[in-house]
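Student: As a plain string of letters, each chain reads:
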Amino acid sequence: MLSYLIKRIILFIPTLLVIAIFAFGLSQLTSDDPVLQYDNEDGRTGVYTKRDLIRLENHYRVVREKLGIDKPSFYFSLNAQAYPDTLYKFLLLEEREALRKLISTYGNWPAIETYFNQIKQFEYRILALPDGLPRKEMTDLKKGVRDLYDEYKAEVIASKLEKIETVLSKDSTMTVELGAFFSDFKGNYQNVISTATTYKLYIPDFKWQGFNNQFHHWFFNFIKGNFGYSLITRQPAAKRIIPALKWTLLLNLSAIFFAYLISIPIGVKAAANKGGRFDQGSALGMFMLYSLPSFWLGTMLLIFFTTKAYGMEIFHGVWAGNMKFENFSTDFWDTIGHLVLPIFCITYPAFAFLSRQMRGSMNEALKQDYIRTARAKGLPEKTVIWKHAFRNALFPLITIFASIFPASIVGSVAIEYIFNIPGMGNLILSACLQYDWPIVFSVLMLGAVLTLVGMLVADILYAIFDPRVSYKKN
Amino acid sequence: MIFGNKKEKILIYRIESGKSTNSQDSLFWSRFRKNRMAVWSLRVLWILVFFAVFSNFIANEKPLYCKLNGEHYFPVFKSIAIDFGLSDWDAVFQSTPWHDHQFESVIRTPIPWSGNTIDLKSGNYQSPLDTHKSEFRHWLGTTDLGRDVLAGMIEGARVALLVGLISMSLAALIGIILGAIAGYFGDSRLKISRGRLILNLIGVFLGIFYGFIVRSFNYSEGSFGIEFLKSLGIFTVTFILFNLLSILLKRNSFFRKQVTIPADLLIMRVIEIMNAMPGLLLLLAAVAIIKQPSIFYVMVIIGLIGWTSIARFIRAELLRIRNLSYIEAARAMGFSEFQILLKHAIPNALGPVLITLAFGIASAILLESTLSFLNIGVSDEDVSWGKLLSYARQREEAWWLAVFPGLAIFITVTIFNLIGEGLSDAFENRE
Numbered sequence: 001m002l003s004y005l006i007k008r009i010i011l012f013i014p015t016l017l018v019i020a021i022f023a024f025g026l027s028q029l030t031s032d033d034p035v036l037q038y039d040n041e042d043g044r045t046g047v048y049t050k051r052d053l054i055r056l057e058n059h060y061r062v063v064r065e066k067l068g069i070d071k072p073s074f075y076f077s078l079n080a081q082a083y084p085d086t087l088y089k090f091l092l093l094e095e096r097e098a099l100r101k102l103i104s105t106y107g108n109w110p111a112i113e114t115y116f117n118q119i120k121q122f123e124y125r126i127l128a129l130p131d132g133l134p135r136k137e138m139t140d141l142k143k144g145v146r147d148l149y150d151e152y153k154a155e156v157i158a159s160k161l162e163k164i165e166t167v168l169s170k171d172s173t174m175t176v177e178l179g180a181f182f183s184d185f186k187g188n189y190q191n192v193i194s195t196a197t198t199y200k201l202y203i204p205d206f207k208w209q210g211f212n213n214q215f216h217h218w219f220f221n222f223i224k225g226n227f228g229y230s231l232i233t234r235q236p237a238a239k240r241i242i243p244a245l246k247w248t249l250l251l252n253l254s255a256i257f258f259a260y261l262i263s264i265p266i267g268v269k270a271a272a273n274k275g276g277r278f279d280q281g282s283a284l285g286m287f288m289l290y291s292l293p294s295f296w297l298g299t300m301l302l303i304f305f306t307t308k309a310y311g312m313e314i315f316h317g318v319w320a321g322n323m324k325f326e327n328f329s330t331d332f333w334d335t336i337g338h339l340v341l342p343i344f345c346i347t348y349p350a351f352a353f354l355s356r357q358m359r360g361s362m363n364e365a366l367k368q369d370y371i372r373t374a375r376a377k378g379l380p381e382k383t384v385i386w387k388h389a390f391r392n393a394l395f396p397l398i399t400i401f402a403s404i405f406p407a408s409i410v411g412s413v414a415i416e417y418i419f420n421i422p423g424m425g426n427l428i429l430s431a432c433l434q435y436d437w438p439i440v441f442s443v444l445m446l447g448a449v450l451t452l453v454g455m456l457v458a459d460i461l462y463a464i465f466d467p468r469v470s471y472k473k474n
Numbered sequence: 475m476i477f478g479n480k481k482e483k484i485l486i487y488r489i490e491s492g493k494s495t496n497s498q499d500s501l502f503w504s505r506f507r508k509n510r511m512a513v514w515s516l517r518v519l520w521i522l523v524f525f526a527v528f529s530n531f532i533a534n535e536k537p538l539y540c541k542l543n544g545e546h547y548f549p550v551f552k553s554i555a556i557d558f559g560l561s562d563w564d565a566v567f568q569s570t571p572w573h574d575h576q577f578e579s580v581i582r583t584p585i586p587w588s589g590n591t592i593d594l595k596s597g598n599y600q601s602p603l604d605t606h607k608s609e610f611r612h613w614l615g616t617t618d619l620g621r622d623v624l625a626g627m628i629e630g631a632r633v634a635l636l637v638g639l640i641s642m643s644l645a646a647l648i649g650i651i652l653g654a655i656a657g658y659f660g661d662s663r664l665k666i667s668r669g670r671l672i673l674n675l676i677g678v679f680l681g682i683f684y685g686f687i688v689r690s691f692n693y694s695e696g697s698f699g700i701e702f703l704k705s706l707g708i709f710t711v712t713f714i715l716f717n718l719l720s721i722l723l724k725r726n727s728f729f730r731k732q733v734t735i736p737a738d739l740l741i742m743r744v745i746e747i748m749n750a751m752p753g754l755l756l757l758l759a760a761v762a763i764i765k766q767p768s769i770f771y772v773m774v775i776i777g778l779i780g781w782t783s784i785a786r787f788i789r790a791e792l793l794r795i796r797n798l799s800y801i802e803a804a805r806a807m808g809f810s811e812f813q814i815l816l817k818h819a820i821p822n823a824l825g826p827v828l829i830t831l832a833f834g835i836a837s838a839i840l841l842e843s844t845l846s847f848l849n850i851g852v853s854d855e856d857v858s859w860g861k862l863l864s865y866a867r868q869r870e871e872a873w874w875l876a877v878f879p880g881l882a883i884f885i886t887v888t889i890f891n892l893i894g895e896g897l898s899d900a901f902e903n904r905e
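Chains as they are written, first to last, in my numbering: chain A, 1 to 474; chain B, 475 to 905.
Among the clues, some could well be false.
[Unchecked claim] Quick list of the computed label-pair ranges, beta carbon to beta carbon:
no.: 1; chain 1: B; residue 1: D574; chain 2: A; residue 2: L87; range: 35 to 41 Å
no.: 2; chain 1: A; residue 1: F22; chain 2: B; residue 2: N849; range: 22 to 28 Å
no.: 3; chain 1: A; residue 1: K66; chain 2: B; residue 2: K731; range: 48 to 54 Å
no.: 4; chain 1: B; residue 1: P584; chain 2: A; residue 2: Y202; range: 53 to 59 Å
no.: 5; chain 1: B; residue 1: L594; chain 2: A; residue 2: L93; range: 38 to 44 Å
no.: 6; chain 1: B; residue 1: I592; chain 2: A; residue 2: K246; range: 31 to 37 Å
no.: 7; chain 1: B; residue 1: R663; chain 2: A; residue 2: A463; range: 47 to 53 Å
no.: 8; chain 1: B; residue 1: L740; chain 2: A; residue 2: K66; range: 36 to 42 Å
It should be emphasised that the hints constitute simulated quantities derived from the structure, not laboratory data.
Beta carbons are placed, not taken as given, at the ideal position from N, Cα and C, and that holds for glycine.
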């Protein structure tokens, strides 16, 4: 048993690793700048002085370090030879995008790097110009140079350069200060075009990036229990997940409890008079319940029983704002009032499913030889069913719990959305819609870990409850 | 003559095997027909299919036929031609909404509204019981912008059935291929030459490079779906090219050596990984990444996630079938393993897949309607039952928005589940 356990746990590692890589890969497909998400504002507007520019870059550096994105993304990279492996070092997403586009047009990284770095030099030089220059020209110049960061099409860059040149030629101070630099700059740009090596775009290149990468840090931090920071609220991810998990667990565990409580007697009774009226009736009923979409029933219950529109305001409606449970005497009944309908909506599909399972396993148990023996002994039917068959029929249901429970961590997204319960379902929904990847990762990984553990627990429970099951090698 | 002899044998073998499956099939369907609920579900399904196929002719703001300024038009037919890129609208119809024309004579569809026609005269949630102010009656009420609920329901039938069809075809394709390989070959029977294995690995590597990495910029500019298909095409071509190359490598004795691939182990690991990830979360994250929402992407993603149960089913069937004597006979006759798998093993395992397909369609429809209910992955133009239902949360008094679309989802899901039950009962009584 122990060696089986160890073997299973060792098999978890590759599975979890693949899931982690998969989740990480998903996040790399998005084109958002996590720093901007973290800032909730466009950090690049309002850069007019050298101090602002430096401050912006420092800010980016700090946030990128905090979010762990100041590193290459994975252990290795597969890319065309034209691309450098140091692109991640550029701070702003637009810069990286523009660089990628430049490379994909010309393919000669060294020339592009010189040109691109000179844009920054150009910006610094403009900011270092003496005071007292005409304001309009200064703004035009700053904007013209800043626009160069985003451009990659030859004709657009040419027209921008021309514009800058006309601005420069209008003012004598500017011409003196920047003229030489600008012609050098232009020469560098011409160099990018003239030495283009587009063939390099089609040569695959495999580069080793080392262990100091985003995935490595994220994965090992996850194992240590550090889930990273939410991009939207800036809180540690665990701080958002744990309160949500409390509500979801409350909701789902009570739903599972009620589902077991009702489904076991119904399943047993249906199996005991197999083919009878109760069996057929309950089978059809369960089947209908099983097919009934819970988000539809939830919506109907919410509309008909919680609003004034139909005069049947029995339960509390949608939860507004944050749910708190501080004072037992006042909050208890309020909480119950809010939770009855959602719990019902989560219970009934599970209940329909479980009673079908219970009926099936009870049927299987009643076919066994020992039941015939018990009946032949003259035991009353009640004892046969509850004492002999029921105990054996219960194993499959116990193992089902191990598979239902991990699924309930993710919560019932639609039900929590309908009743506005601040649980995991709502958290996941908003995290996915706002591209809050640290949260999505953590929940995905937690769900996966729990599912794997659930499968293992199911197997172990099987062995404990049913002595016939053995995981020893024959 | 040896050649002719073999062909004859194959022919006889085929006829015989064909016969036996036919009689099996008819027995199976006669058992299925005894299940009254399932048969009724099938009938309801035909009605749904009828609505889905002819929804353009049932609910449409465009008339079937109209006469305008002395000219005859057939707008519904024309709109179908336009959808296929064969035609263009006449200038008369481009500027004015359909209901504002003064036709000289006109034949309208039974419901003269499209699912997304905006009718402000009946806007702001008009109840089906209210006196109607519009030119044509809204039999099941309207939404906030006066969109007709009945028309939306009929167009929603098409969306729902398409979701089931497309997502489950994709799932079946992946599931059958992977499940069959896992079940038939197991861990020890899939043998390929060293050269082929190496070239396949290089092929996958280069296929990903040329198909996806080199073309990564096209994604930001073109439509995601089309670009993805192009990438997939390039990937496949690269992959096939490298497989052809492997024939050349066979001359070398080192590359000719056979390697055993533990297909079952690998594929079961993939299935375990897929099952360990919370499906809905995966779906939400994947749908959120694609920034041009469309129901089509939702269908594809559901298919990509939902193949595991089909694969497990097929695998279990093939584990049974591969030991049957007719497979051994086919092997003795000198068929190649892949021929046996494709022509003799898989066709016999397809029956039980129907069960998982029926249940799979039910859950795919349920998933898609849940997503559109949450307003994820649907664009503004898309009409679906889940989206109609979501309007009910915005206005509590609008009971018609809560009742009718939900009922449609419920009925559709139920009939597919009942068909699945009927199929599985018919199969269980097989022996």
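Student: Would you mind marking each hint as holding or not holding in the structure?
Tutor: Now the hints, each set against the structure:
1. Our hint of 35 to 41 Å for B:D574 and A:L87 is violated, since their Cβ atoms are close to 55 Å apart.
2. Taking the beta carbon of each, A:F22 and B:N849 are about 26 Å apart, inside 22 to 28 Å as hinted.
3. About 53 Å separates the C-beta atoms of A:K66 and B:K731, a value consistent with the hinted range of 48 to 54 Å.
4. As the Cβ distance of B:P584 to A:Y202 is approximately 57 Å, the hint placing it in 53 to 59 Å holds.
5. Between B:L594 and A:L93 the C-beta distance comes to about 42 Å, which sits within the given range of 38 to 44 Å.
6. B:I592 and A:K246 have their C-beta atoms about 44 Å apart, which leaves the hinted 31 to 37 Å range violated.
7. Judged by the Cβ atoms, the range 47 to 53 Å given for B:R663 and A:A463 is violated: they are separated by roughly 31 Å.
8. Distance hint check: the CB atoms of B:L740 and A:K66 are about 39 Å apart, consistent with the given range 36 to 42 Å.
Hints 1, 6, 7 from the list above are not met by this structure, while the remaining hints are.
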